[in-house]
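Asker: Sequence:
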Amino acid sequence: MKLHHFCCRFAILLPLALVFPLVTFAASGGTFINLGEMNVARDFHGVSLLPDGKVLIVGGSSFSGPLASAEVYDPATRTFILTGSMIDARVFCGAVNHPVLLANGKVLVLGGGVNFNILATAELYDETTGIFTATGSM
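To convert, note that position 41 of the sequence shown is 41 in our numbering; the numbers rise steadily by one, no gaps.
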């Protein structure tokens with residue numbers, strides 16, 4: 001069964017995870033498929049497809065405020081695994097500037113904002129270690 005690529009649609013679907021399990025649509029079968037539930041309810045977050053087919057989900061906002069947390073979605077097991085947290089909490093880190101997968105396999109997360117302050121900082125995520133490290137400013 002061929003599934004529609006959902007990575008770029010997380011921004012639309014993830015707010016449903018506050019109440020409902022995350023789902024995607026399989027056009028070939030005309031059905032919705034339950035993708036599981038995130039560990040942290042969030043919206044206004046960033047997403048990036050990783051080299052191994054997993055999806056990195058970073059930052060965003062919850063009822064308690066801006067988030068520094070991150071998790072990785074594994075489509076093979078339909079599970080969300082918490083990974084290291086970002087140095088800075090970031091909201092809207094995917095609305096305008098999506099996290100960028102670099103040629104070396106690391107993900108560049110930049111900008112965004114916290115409490116109406118725009119961030120000029122950037123961080124690199126290393127999937128092999130699950131760690132974010134600071135990398136200059138814009």
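Read the hints as simulated data drawn from the structure, not as lab findings.
Predicted model only: the values in this text are computed from it and were never measured.
The reader is advised that the hints may include incorrect statements.
Computed spacing ranges between beta-carbons, pair by pair [claimed, not checked]:
hint	residue 1	residue 2	range
1	L102	D74	16 to 24 Å
2	P75	G130	34 to 42 Å
3	N115	S137	38 to 46 Å
4	I131	G30	37 to 45 Å
Backbone N, C-alpha and C define an ideal beta-carbon position, used for all residues, glycine too.
Asker: Would you mind marking each hint as holding or not holding in the structure?
Answerer: Hints and how they fare:
1. At roughly 21 Å, the beta carbons of L102 and D74 sit within the given window of 16 to 24 Å.
2. Distance hint check: the CB atoms of P75 and G130 are about 18 Å apart, inconsistent with the given range 34 to 42 Å.
3. For N115 and S137, the Cβ-Cβ distance of about 19 Å falls outside the hinted range of 38 to 46 Å, so the restraint is violated.
4. For the pair I131 and G30, the beta carbons lie near 42 Å from each other, so the given range of 37 to 45 Å is met.
In this structure, the earlier hints numbered 2, 3 are contradicted, and the remaining ones agree with it.
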